[in-house]
Amino acid sequence: MTTRTTQRLQASFVRPTVTARLLRGRRRERPNLLGGLASVVWLVIVAVPLYYLVASSLRPSSEYLTAGPLSIPHHPSAANYSTVLSSGFTRYLVNNILVTASCVVLVAGLALPAAYAIVRSRSRFVEVGFTVMLMGLAIPAQATIVPIYLMITRMHLYDSLTAIILPTSAFSLPVSILVLTGTLRDIPGELYEAMNLDGATAWTALRNLVLPLTRPALVTVGIFTSLGAWNGFLFPLILTQSDSKRVLTLGLWNFQGEHGADTPAIMAAVTLSMLPLLVLYLIGRRHLLNGLTAGFGK
Amino acid sequence: MTTSVNSGRPGAIWAVPALAFFAVFALVPMVLVVALTFTTWNGLGSPTWAGLANWKHLFHDATLGQSLWLSFKLTVISWVVQTLVALPLGVWAAGRQRNRAVLSTIFFVPLLMSSAAIAVLWSALLDPNFGLAAKIGPWLGVKDGNFIGQPSLAFYTVAVVIAWQYIPFHTLLYQSATRQIPEVLYEAATMDGAKRLRQFWSVTLPQLRNTVVTSSVLMLVGSLTYFDIVLILTNGGPGTSTRILPLHMYLTGFSSFQMGYASVLAVILLVAGTALSLVVTRVTGFRRMQSQREGL
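So the protein lines, in turn, are chains F and X.
For the first sequence, numbering that gives the first Met the number 0 assigns the number 297 to the last residue and increments by one with no breaks.
For the second sequence, numbering that gives the first Met the number 0 assigns the number 295 to the last residue and increments by one with no breaks.
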């Protein structure tokens, strides 16, 4: 930055009216044609597949073969959705909910006390443990599938939902703890001291001070963990087998294999699998997006 | 004195459950995977000692060289393409205008989809008979619309689908980072007479340096783990033309049941991932930046 810019910068701090005038000026500047054009191109790239997804899922199978891929469905019907639901998808949906909920409870239950200890305890052990965990951020889960398969079979957990929950949660822990420590560091020490003067123990401080103040961060952690668990593919793939333990991602793949030619039904299955997240997205977009970039977006 | 300082503070024990849990399911497997490279195991029964046989097999693996090359190529292509799209798009989407907000809502929808959902959707789109590929192929010079059936095209098609999946995430990173750039910097630049492009080069880009690093690390390390999309879309085919390293490892272990040799490939993956993230963080001083931001 030039010195001239710096001077202007200081000037703009001193004279707020100038800032206000400039702000109004910026809003009125000519439209960004290049940016607009590029974004429309990207819009087409994103929206056309999504339109295809929904439109195909509403087509009767007969229409799919005759109508063009992007035509508007002439006789939209929900028949494909009932085909999908009657082929076991309700069970996959329930399995997904069970896995996701368990992962969130497990991760939050483990990460919050750990983050609390990392920020507030003076133990060298905790410090080292945290450093090791941060290095764990870089471990690709793929590299561990053979030993995890071995461990899970030795624990007699193969082909159970627990088998999916345990490693999925473990790999969500580092980011979750990172997010929570970030928020916990923002709580001023004076607040803890005030509680200490009242004779509060570590436990009461957690309940009355830490928990209320970290609630937004816990929401972020919950969403981050949920998205990972809901969309997880690798661990279910190697750790489960039977239809009754199948989750949505595997169910989709399996459904594609069984109904190879029935594209409308397959598209209905894809739409159904993302529906819960889509509803969540429409209700709380900001929370969801914060959860997605947890730990990286700050 | 010590007691008064430590009173009301949680002890180390509070962190033990999380650390122990993480150790069992993430650190132990890392040690175990190295041990497993010296064994023969078909996934049933128990691993038996095999000495260096699996490591020697590295030199007889005809597909390994190609797998490594494909993974390398995919990493570089993904990094370049995704950054070139996501960065300007994120900066554009950071504007508070109403139309940008509406478009961004649509841009981020792919973020909700699992890799399985994306791969299944694209399988249908790329169907050369009834999919969109049949219509669009001729425009792009692929007359039969068979994008994933030809070895030379399949790899780039996979790269495009992967970009479709990950660009929204990186756009989101750039969008939220751009919104945190202090407005005064732009005001100052405007007073100096800087036009939009100049502002982008002299204010936005330097301010996004940290985000470029974060996003690059995630892309580079992440590209070593793209696997589910490829498995569902092409299963490494046609032939071995899309058999990237993580897929090669998965198929060796869970399709050919050579767990010992799959572990060797996993170790390569692990070393490559760690080396890559170490190099990027060292070169750019990422850790320093992280701690700077923690203070903000």
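Keep in mind that the hints are not guaranteed to be accurate.
To be verified - Here are the simulated SDA-like pairs of lysine to any residue, each with C-alpha atoms no more than 20 Å apart in a straight line:
| # | chain 1 | residue 1 | chain 2 | residue 2 |
| --- | --- | --- | --- | --- |
| 1 | X | K194 | F | G67 |
| 2 | X | K134 | F | L36 |
| 3 | X | K142 | X | N128 |
| 4 | X | K134 | F | V43 |
| 5 | X | K134 | F | E62 |
| 6 | X | K142 | F | L36 |
| 7 | X | K194 | F | G35 |
| 8 | X | K142 | F | I71 |
| 9 | X | K72 | X | K194 |
| 10 | X | K134 | F | L33 |
| 11 | X | K134 | F | T65 |
| 12 | X | K142 | X | W163 |
| 13 | X | K134 | F | V40 |
| 14 | X | K134 | F | G67 |
| 15 | X | K134 | F | P72 |
| 16 | X | K194 | F | L36 |
| 17 | X | K134 | F | P48 |
| 18 | X | K55 | X | V266 |
| 19 | X | K134 | F | A66 |
| 20 | X | K134 | F | L69 |
| 21 | X | K134 | F | L32 |
| 22 | X | K142 | F | G67 |
| 23 | X | K134 | F | A260 |
| 24 | X | K194 | F | L69 |
| 25 | X | K134 | F | G35 |
These are computed hints drawn from the structure, not numbers from a lab.
Going down the list of hints, with the structure as the test:
1. K194(X) <-> G67(F): Violated - the C-alpha atoms of G67(F) and K194(X) are around 46 Å apart, more than 20 Å.
2. K134(X) <-> L36(F): Violated, at roughly 24 Å.
3. K142(X) <-> N128(X): Between K142(X) and N128(X) the Cα gap is close to 12 Å, so the pair holds against 20 Å.
4. K134(X) <-> V43(F): holds, 15 Å
5. K134(X) <-> E62(F): Since the Cα atoms of K134(X) and E62(F) sit roughly 17 Å apart, the hinted pair holds (cutoff 20 Å).
6. K142(X) <-> L36(F): Answer violated: K142(X) to L36(F) is near 28 Å, above 20 Å.
7. K194(X) <-> G35(F): holds, 17 Å
8. K142(X) <-> I71(F): Judged against 20 Å, a Cα distance of about 25 Å means the pair is violated.
9. K72(X) <-> K194(X): violated, 37 Å
10. K134(X) <-> L33(F): The given pair, whose Cα atoms are some 28 Å apart, is violated under the 20 Å limit.
11. K134(X) <-> T65(F): Holds, at about 13 Å.
12. K142(X) <-> W163(X): Violated, because 23 Å separates the two Cα atoms, which is more than 20 Å.
13. K134(X) <-> V40(F): holds, 18 Å
14. K134(X) <-> G67(F): It holds: about 9 Å lies between the C-alpha atoms, which stays within 20 Å.
15. K134(X) <-> P72(F): With a Cα-Cα distance of about 17 Å, the restraint between K134(X) and P72(F) holds, given a limit of 20 Å.
16. K194(X) <-> L36(F): With Cα atoms ~19 Å apart, K194(X) and L36(F) stay inside 20 Å; holds.
17. K134(X) <-> P48(F): holds, 13 Å
18. K55(X) <-> V266(X): It holds: about 14 Å lies between the C-alpha atoms, which stays within 20 Å.
19. K134(X) <-> A66(F): holds, 12 Å
20. K134(X) <-> L69(F): It holds: about 10 Å lies between the C-alpha atoms, which stays within 20 Å.
21. K134(X) <-> L32(F): Measuring from Cα to Cα gives roughly 29 Å; hence the hint is violated.
22. K142(X) <-> G67(F): Within the cut-off at roughly 17 Å; holds.
23. K134(X) <-> A260(F): holds, 18 Å
24. K194(X) <-> L69(F): violated, 41 Å
25. K134(X) <-> G35(F): violated, 27 Å
Checked against the numbered hints listed earlier, the structure breaks hints 1, 2, 6, 8, 9, 10, 12, 21, 24, 25; every other hint is satisfied.
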